[in-house]
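Residue numbers (my numbering), protein chains in the order written: chain A, 5 to 261; chain B, 5 to 261; chain C, 517 to 833; chain D, 517 to 833.
It is worth saying that the hints were derived from the structure and are not from the lab. Among the hints, erroneous ones may be present.
Now the stretches of chain B that chain D is said to cover, found in silico as 3 or more residues with beta-carbon under 8 Å [as the list claims (entries may be wrong)]:
(1) 54–66
(2) 71–81
(3) 95–102
Distance windows between CB atoms, simulated [stated by the list, open to error]:
(4) B:Gln184 with D:Ile666: 27 to 33 Å
(5) C:His755 with D:Arg525: 52 to 58 Å
(6) D:Thr729 with C:Asp821: 27 to 33 Å
(7) C:Asp821 with D:Ala804: 50 to 56 Å
(8) C:Asp732 with D:Arg734: 30 to 36 Å
(9) D:Met517 with C:His755: 48 to 54 Å
(10) C:Lys801 with A:Ser249: 40 to 46 Å
(11) B:Pro253 with D:Ile666: 57 to 63 Å
No residue lacks a Cβ here, since even glycine has one placed at the ideal position from N, Cα and C.
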Amino acid sequence: MADFTLREMMTVVASREIHDGDIVFCGTGISMLAAMAAKHISAPESIIFFETGAIDAQLEEVPMAVSDSRVMLGAAMHGSLSEAFAFMQNPNTGSKVVGILGAAQCDLYGNLNSTVIGDYANPDIRFPGSGGACDVSSFVRRTIVFMQLEKRRFVPRLDYMTSPGWLKGYTSRTAAGLSQGGPSVVITDKAVFRFDEITRKMYLDGCFPDVSRQEVLDNMGFKVDVTREKPVAPPHACELEILRSRCDPQRLILGPS
Amino acid sequence: MADFTLREMMTVVASREIHDGDIVFCGTGISMLAAMAAKHISAPESIIFFETGAIDAQLEEVPMAVSDSRVMLGAAMHGSLSEAFAFMQNPNTGSKVVGILGAAQCDLYGNLNSTVIGDYANPDIRFPGSGGACDVSSFVRRTIVFMQLEKRRFVPRLDYMTSPGWLKGYTSRTAAGLSQGGPSVVITDKAVFRFDEITRKMYLDGCFPDVSRQEVLDNMGFKVDVTREKPVAPPHACELEILRSRCDPQRLILGPS
Amino acid sequence: MSLDHAISRFVHDGCHLSIGGFTVNRNPMAAVYEIIRQKKRGIHLYAHSNGQGVDELIGGGCVDRLEIAYAGNGRFAPTCVRFRKAVESGELVVEDYSNFQMSLRFTAGAMGLPFLPVKSGIESDIANQWGFKPAARRSDEKIPDLKLCIIDNPFGRWADTTRLVLVPAIEPDVSIIHAQTADSSGTVRIDGLAFTDIEQAKAARHVIVTCETIVDTRQLRKQPERNQLPFFCVDAVVHLPMGAYPTACYGHYDYDPGYLNDYRNYAQNDEHHRNYLDRYIFKTKDHAAFISLQPLHRLNKIKADPDTGYATGLNRL
Amino acid sequence: MSLDHAISRFVHDGCHLSIGGFTVNRNPMAAVYEIIRQKKRGIHLYAHSNGQGVDELIGGGCVDRLEIAYAGNGRFAPTCVRFRKAVESGELVVEDYSNFQMSLRFTAGAMGLPFLPVKSGIESDIANQWGFKPAARRSDEKIPDLKLCIIDNPFGRWADTTRLVLVPAIEPDVSIIHAQTADSSGTVRIDGLAFTDIEQAKAARHVIVTCETIVDTRQLRKQPERNQLPFFCVDAVVHLPMGAYPTACYGHYDYDPGYLNDYRNYAQNDEHHRNYLDRYIFKTKDHAAFISLQPLHRLNKIKADPDTGYATGLNRL
Numbered sequence: 005m006a007d008f009t010l011r012e013m014m015t016v017v018a019s020r021e022i023h024d025g026d027i028v029f030c031g032t033g034i035s036m037l038a039a040m041a042a043k044h045i046s047a048p049e050s051i052i053f054f055e056t057g058a059i060d061a062q063l064e065e066v067p068m069a070v071s072d073s074r075v076m077l078g079a080a081m082h083g084s085l086s087e088a089f090a091f092m093q094n095p096n097t098g099s100k101v102v103g104i105l106g107a108a109q110c111d112l113y114g115n116l117n118s119t120v121i122g123d124y125a126n127p128d129i130r131f132p133g134s135g136g137a138c139d140v141s142s143f144v145r146r147t148i149v150f151m152q153l154e155k156r157r158f159v160p161r162l163d164y165m166t167s168p169g170w171l172k173g174y175t176s177r178t179a180a181g182l183s184q185g186g187p188s189v190v191i192t193d194k195a196v197f198r199f200d201e202i203t204r205k206m207y208l209d210g211c212f213p214d215v216s217r218q219e220v221l222d223n224m225g226f227k228v229d230v231t232r233e234k235p236v237a238p239p240h241a242c243e244l245e246i247l248r249s250r251c252d253p254q255r256l257i258l259g260p261s
Numbered sequence: 005m006a007d008f009t010l011r012e013m014m015t016v017v018a019s020r021e022i023h024d025g026d027i028v029f030c031g032t033g034i035s036m037l038a039a040m041a042a043k044h045i046s047a048p049e050s051i052i053f054f055e056t057g058a059i060d061a062q063l064e065e066v067p068m069a070v071s072d073s074r075v076m077l078g079a080a081m082h083g084s085l086s087e088a089f090a091f092m093q094n095p096n097t098g099s100k101v102v103g104i105l106g107a108a109q110c111d112l113y114g115n116l117n118s119t120v121i122g123d124y125a126n127p128d129i130r131f132p133g134s135g136g137a138c139d140v141s142s143f144v145r146r147t148i149v150f151m152q153l154e155k156r157r158f159v160p161r162l163d164y165m166t167s168p169g170w171l172k173g174y175t176s177r178t179a180a181g182l183s184q185g186g187p188s189v190v191i192t193d194k195a196v197f198r199f200d201e202i203t204r205k206m207y208l209d210g211c212f213p214d215v216s217r218q219e220v221l222d223n224m225g226f227k228v229d230v231t232r233e234k235p236v237a238p239p240h241a242c243e244l245e246i247l248r249s250r251c252d253p254q255r256l257i258l259g260p261s
Numbered sequence: 517m518s519l520d521h522a523i524s525r526f527v528h529d530g531c532h533l534s535i536g537g538f539t540v541n542r543n544p545m546a547a548v549y550e551i552i553r554q555k556k557r558g559i560h561l562y563a564h565s566n567g568q569g570v571d572e573l574i575g576g577g578c579v580d581r582l583e584i585a586y587a588g589n590g591r592f593a594p595t596c597v598r599f600r601k602a603v604e605s606g607e608l609v610v611e612d613y614s615n616f617q618m619s620l621r622f623t624a625g626a627m628g629l630p631f632l633p634v635k636s637g638i639e640s641d642i643a644n645q646w647g648f649k650p651a652a653r654r655s656d657e658k659i660p661d662l663k664l665c666i667i668d669n670p671f672g673r674w675a676d677t678t679r680l681v682l683v684p685a686i687e688p689d690v691s692i693i694h695a696q697t698a699d700s701s702g703t704v705r706i707d708g709l710a711f712t713d714i715e716q717a718k719a720a721r722h723v724i725v726t727c728e729t730i731v732d733t734r735q736l737r738k739q740p741e742r743n744q745l746p747f748f749c750v751d752a753v754v755h756l757p758m759g760a761y762p763t764a765c766y767g768h769y770d771y772d773p774g775y776l777n778d779y780r781n782y783a784q785n786d787e788h789h790r791n792y793l794d795r796y797i798f799k800t801k802d803h804a805a806f807i808s809l810q811p812l813h814r815l816n817k818i819k820a821d822p823d824t825g826y827a828t829g830l831n832r833l
Numbered sequence: 517m518s519l520d521h522a523i524s525r526f527v528h529d530g531c532h533l534s535i536g537g538f539t540v541n542r543n544p545m546a547a548v549y550e551i552i553r554q555k556k557r558g559i560h561l562y563a564h565s566n567g568q569g570v571d572e573l574i575g576g577g578c579v580d581r582l583e584i585a586y587a588g589n590g591r592f593a594p595t596c597v598r599f600r601k602a603v604e605s606g607e608l609v610v611e612d613y614s615n616f617q618m619s620l621r622f623t624a625g626a627m628g629l630p631f632l633p634v635k636s637g638i639e640s641d642i643a644n645q646w647g648f649k650p651a652a653r654r655s656d657e658k659i660p661d662l663k664l665c666i667i668d669n670p671f672g673r674w675a676d677t678t679r680l681v682l683v684p685a686i687e688p689d690v691s692i693i694h695a696q697t698a699d700s701s702g703t704v705r706i707d708g709l710a711f712t713d714i715e716q717a718k719a720a721r722h723v724i725v726t727c728e729t730i731v732d733t734r735q736l737r738k739q740p741e742r743n744q745l746p747f748f749c750v751d752a753v754v755h756l757p758m759g760a761y762p763t764a765c766y767g768h769y770d771y772d773p774g775y776l777n778d779y780r781n782y783a784q785n786d787e788h789h790r791n792y793l794d795r796y797i798f799k800t801k802d803h804a805a806f807i808s809l810q811p812l813h814r815l816n817k818i819k820a821d822p823d824t825g826y827a828t829g830l831n832r833l
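Pulled out of the complex, with its shape left as it was, chain A reads as follows (with noise of 0.2 Å):
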């Protein structure tokens, strides 16, 4: 098995939830790695698409964020942030999207917090907000959530509902008005969990090498169901070849190696 860093793992997992035809919408750091990841491995004809309107953008270089000229060159075609978030709220387009999410906060059923942590009007800590999570979160077919696996990031009840995500299951994301679509893996740095089909709790779908089910658990707020586990396959060497040297050869997202 190949030397890996956590957060190439965690970055491979997640390019391998995306698919040719996937129109993948990135925000900053690893998510935008991940898509990257994707188009150069797995899924060459996904689309990169950002919120700031660079649609296909052909990143011959990491942005550093979403505004980054890198964004710019050789895009299909540049268009403003309402053009952008409008590709995702209309549904002809939006259900070809797959949204990649990181936040603070994480609740059983994939709703996230990105604001802050405490009173909002008082807060003990503030996050940036939103930036495209809450519209990302209602519109597009399905999430893909980054999280490190921490029992204050994994919490039975958020202190700021940023982003729903099955708001509290069964049916009650598109009885209150929301898309069909809805997190549907949660990525972290030691196991990956999804969401059950029909009361859309997450579970355990594995965990990383090395990593035990209890050591899992024990970094969590709430409790899940275990009983679906599965190992999930480390990077193959071609996978992390391509992810180090194509993608970040700077490491500026992945990090120390």
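Chain A is fixed; fit chains B, C and D onto it per the hints.
Here is chains B, C and D on its own, set in the frame of chain A:
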């Protein structure tokens, strides 16, 4: 006095209503020519604006329609239709816009019909419809109306109100939720009418040279105040010269001389 | 994809169709003629101020219902002739909106919204007179139950507004536009004014783009700012030189005053119009054959001057 | 017009201000620094995802209230540092929206509408948690009475939608954007992504445009498709090379990783940040003086490659 046609007279009279800084919304035909005449004669700093999105079009040749490629040449920018109308709905820019409209019927308050004669569902005569006329008349600071003076056109009651003028007079327009603007002048082939500041009823502002007051009144289906009548100055030779040689040398809109 | 294939695949009897362009400019005329040639029937048509294309489709007997803001064609037909005849004879049901309203209705469809607000339409008979009656609307799930509705501003007097008109989204089954340039995957570049073509395309379930030139993808991507529609919105790209003729295509050719004047004269007489359809459309196998019927000296005269984008000095009487 | 004149004329204490750009790109930084230099106070600021400009204005003590979707600056500051400090200490009142909502709020202002509808925000705390409380809203006529409101679709289930969020228009007193190119009358051309700059400008009562290059009007008018803002929307045009520095300006220069990393470090310590303000802003008389303080080798490294529009191979660690 120079020889001139009634169409030339109407065009020149309308061009005098346009001032530097005005953004002139033009439709097809004589309204476009009036705006071109104003820009060439008395208001070089006026801006010709088409609903098709061409802003400050240079108009080397007279366009045959607002979508004519001739409106595109040398414009400050090309917007979409929605952008063009939004400039008029936006009070910051809309308050600078003067609209020029024609119609099949006009009533005492400058409300206009450009849709049907007879019943809407089963019309005797069908016209092209609003186009941008309802929008312009709803949004902009003032409108200039072009009409042939005929009894069947100056009617006590419209068959269909396409474009709101002063509605029922007094403050009825603003009470309904429309902009403070409204029709300021009606220019016909025989006379010019304006609207009372308080009642918003049309009154006779002046007859064209060699047209009697009685001839005007005989061609109207409703009574108007005539106490404010004053002569309408005929076109100057230089106005005619510019109109004929610079604006419409092919007489596409001016018609036979 | 060939045009006849694209039309037979996406344009069906009774479908809801939207066509781009504005009066005398950049109508997707080749597609319009092919729809007539294929004798499509019962179409529900949407346009804002499309002139020639709408009138030909109506004259071709393809259209039962029309939602439109303006059916004129500049100086060539202050009111479109076959449109007027069809409305006055009761063959065509029309629902009127304003140009801004129609553009916003396409924009709403493009944005995935059920409606957009607008401040025009208040007190106009556009609000009061409905082309499709309430019972007919309720029985047809492809038409909204309301033509429009007027609401009080929920934000008080915010933005100095007391009342607004909400106009419902249009989601055509298929939109057809004609562009100067596309690549084979469907990324589209329109030069000059784009009118509401882009919103019409984004609002539709299927999109056919005809274009003067197909270029390499890399060429379009050197200036992404100039492209308006990404490939994933487009179902069929058809290379069709002169595809907007007899309307204009900025930078390529002007409208043909001779054709448009002749057309008006044919359209005014039912028999002449039948002969026109027969000769120019039914008896031509495709757009190239239709173009080959046009006198060469007329086609030469409308070639665009590269400096102005139109045929400078063209006799347009 | 000179920048100091434009700022002193249009940006007043307590005014409602909107700035363009997005995180590390095309922020109107020269204008931001001039606002700080002129010690404007009590500003009500609007942005969607403007990173560096917002954080500097907050750090400069100019801002009391902020409506925003995202206050991060890419890898340089996942959460903007002075923003975070000001919120956590209670010095700054924030009202959160999503990026689409903010863009639509500017679009509503640009369109002269009191609101636009959107399908995001339902069930989110964006709808439930208001930064400005109802009583404060009602007592301030420049803030809408409602942060937003949720309505049932008046067109039944049209467009497969049952509920919508209405977000109120923003009408800033002044918007400031930085463009690559303008003419002296104010027609604006932005290359690369325009973000929401155009809507922000159209929504405002007054508009200041700073630009890298002023060109002849005739040059801009050869390609009207590439211009986004007509001159009659613009109150002041200021020629300001490097006017977006230390953020990027596509085709001209990249963001400066050195500056942005240094800034983050200064910002994290109140005393260092005071020294930073003093040295770089208060003690420089204008943007040219500010630029002259930057090491030349750093400025040289961020020059854009004409083929890519950014500084190819730049070390961005």
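ask   = Checking against the hints above, which ones are violated?
value = 7, 10
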